[in-house]
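A.B. asks: Just so you know, we're using my numbering here: the sequence shown kicks off at 1 and counts up by one.
Bear in mind the hints are in silico, worked out from the structure with no lab data behind them.
Heads up, some of the hints might be wrong.
[To be verified] With a Cα cut of at most 30 Å, we get these calculated DSS-like pairs of lysine-lysine:
1. K359 / K315
2. K274 / K560
3. K433 / K380
4. K548 / K560
5. K380 / K391
6. K472 / K183
7. K350 / K391
8. K472 / K302
9. K472 / K180
10. K163 / K306
11. K381 / K356
12. K435 / K472
13. K391 / K351
14. K308 / K472
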Amino acid sequence: MELLENSDNEDLQEAEAIDIALLPPDVDNDTDVDDIADDDLVVEENNIRLLGKGILAQTAKIQIINKLGKRGLDKYTKSKESTLENMEESTSDSGPKEKRVKKDKGKNITKKTKKKEREWENIQLEEENADQAHLKIKNKMQHFPAIIEELIQRDARPLDFLKLFWPIEFIEYICSESEKYAKYKYGDNSFSVTPQEIYKIIAILLLSGYNTLPNTQLYWETKVDVQNAAISSSISRDNFLRIFRNLHFSDNNSTDETDRCRKVRPLLDHMSSKFETYAQPLPSVWSLDEAMEPYYGNHHMKQFIKGKPIRFGYKFWCLNRPDGYCIRFKIYEGREDRDPSMTLGSSVTKKIEEMKTNKINITGTIRIDRIEKAPLRDLKKEPRGSIHGLKEKNSNISLFRWHDNSQVTLATNRTDDLVCKVTTCSRYSGIHKRKIDVLQPSLIKEYNNGMGGVDLFDQFRGRYRINIRSRKWYWPIVRFCINASITNAWLLFRLIQPRITQLAFLREIVFPLLTTSLIPRPRGVVPRRTGNVQQDVRFDRIDHWPMKNSTQRRCARCHKCVTHKCSKCNVGLHIECFVPCHLQ
């Protein structure tokens with residue numbers, strides 16, 4: 001505007017009107033939506049600066065209107081940069097700019113506490129004797145539960161190992177709760193179940209893991225292509241479905257309503273306690289990781305983990321031995337409440353410190369964004385086998401970065417000599433076209449020997465997973481407990497018979513449970529009783545003749561074996577009983 005007012009151009013002096021068009025901003029630039037308040041959108045003649053810096057800083061096109069028509073003036077077309085400079089100069093000359101205060105939207109903003117200042121120092125690494133390290137790790141892996149000695153002395157079988165985790169006392173508790181549930185849920189006062197039937201239900205569930213059919217009821221099919229004589233002869237189909245429907249593990253009237261797993265809490269506590277009991281003495285090396293149990297229904301505890309073999313389902317935190325035995329487990333019920341002033345990275349390092357306070361050494365991989373900006377050196381451009389270690393002076397937390405195929409970052413709270421030791425590992429070199437020795441922290445070597453227990457446990461548990469389904473949300477949790485107990489029982493039994501396979505172990509459990517107290521199958525024609533014969537036919541004294549029967553049957557009067565029958569009533573009768581039976 002100042003350029004137009006002070007110009008002595010003849011065209012401008014003779015112009016009847018002047019059009020000034022402000023071009024819109026670029027697509028990548030911010031718009032002028034928030035550049036001016038809504039109350040100032042009506043611009044007065046001498047108050048053009050209320051349009052705001054964002055609007056006035058755009059490129060402008062000027063046209064003059066005179067007798068010859070419209071004509072553009074490129075000389076006075078100002079770019080965004082030059083206009084912005086003029087705006088800043090004029091703004092500074094006009095006095096202090098009024099501050100715009102943002103309105104408080106009522107959000108509760110939690111102030112983050114100041115992070116703990118950590119002092120890091122480099123770790124001086126020393127080479128370790130590989131034979132001593134291997135012997136140390138091997139000795140840690142040698143452990144035997146005390147219960148094994150007793151089972152060996154009495155020549156225990158696989159079924160005995162199953163009953164370690166499913167004792168008769170707990171089975172009786174399941175029977176009691178199932179009967180209560182049948183009365184409470186369905187009003188079925190006649191329902192009753194015995195421990196022997198519960199064991200048969202478990203056996204059928206285990207059998208479905210290695211002998212899978214598309215439908216549960218096909219196990220009782222009479223056609224030979226899907227018939228399973230072991231199941232159909234041990235328990236009837238209707239009885240199985242009735243027990244399976246009413247199977248319950250807790251009292252609905254006495255459970256804690258705030259507990260998300262109240263339906264199966266007694267089962268979870270029982271199994272976790274038994275697992276730890278029969279893992280004694282506890283090994284010195286454990287592995288902690290997550291395990292998934294597939295579930296595709298709708299529930300607030302269901303998790304989705306991208307990249308996992310089982311993406312949808314319930315997540316369990318499992319503490320395992322290196323051989324895969326599950327010592328303890330806990331179902332993930334949702335995010336734990338943590339101090340809102342702490343970030344996730346700070347909470348991770350804090351838990352590492354708490355473990356050391358409880359005299360537990362922990363070593364694990366850690367993400368780069370959770371090391372609280374520790375000055376670990378970037379090893380991407382350094383040769384394979386490069387190592388950099390840091391130690392925090394106050395908390396004894398150590399960080400290691402090792403360059404293998406890619407960079408690996410580990411965190412540990414160990415304070416022994418192993419932290420400073422370095423060993424070697426064999427890696428293939430593309431340059432030398434052969435395997436070469438590469439430096440490796442001894443801590444990583446022990447970590448590799450101790451980790452993987454949960455992965456082995458997942459592998460064993462998923463081989464013959466129970467295939468019978470239920471619509472109840474807690475059924476996958478029950479299935480996890482059954483499969484986990486069988487896996488642990490098999491790993492314990494392998495200390496007696498190391499060469500027995502998991503399938504052979506399962507079959508030696510299923511067959512004894514299904515072959516006890518078989519249901520007698522009726523053979524031939526079911527004999528008729530006199531109560532089934534109509535009274536008018538029985539006493540009409542017309543065409544009743546004794547006949548020889550090809551098969552033996554019971555007499556309708558004295559209930560002894562007989563080979564004769566009545567030709568009209570079709571009931572077994574002795575010759576001596578024939579006349580009295582047809583007289584009123």
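A.B. asks: Work down the list of hints and note, for each, if the structure agrees.
C.D. replies: Each hint, compared with the structure:
1. K359 / K315: At roughly 27 Å apart (the allowed maximum being 30 Å), K315 and K359 satisfy the hint.
2. K274 / K560: Violated, at roughly 55 Å.
3. K433 / K380: Within the cut-off at roughly 22 Å; holds.
4. K548 / K560: With Cα atoms ~16 Å apart, K548 and K560 stay inside 30 Å; holds.
5. K380 / K391: holds (21 Å)
6. K472 / K183: holds (18 Å)
7. K350 / K391: holds (15 Å)
8. K472 / K302: Distance of about 13 Å is within 30 Å: holds.
9. K472 / K180: OK: K472 and K180 at ~17 Å, within 30 Å.
10. K163 / K306: violated (37 Å)
11. K381 / K356: Not OK: K381 and K356 at ~34 Å, beyond 30 Å, violated.
12. K435 / K472: violated (54 Å)
13. K391 / K351: holds (17 Å)
14. K308 / K472: Given pair K308, K472 holds - Cα atoms ~24 Å apart, limit 30 Å.
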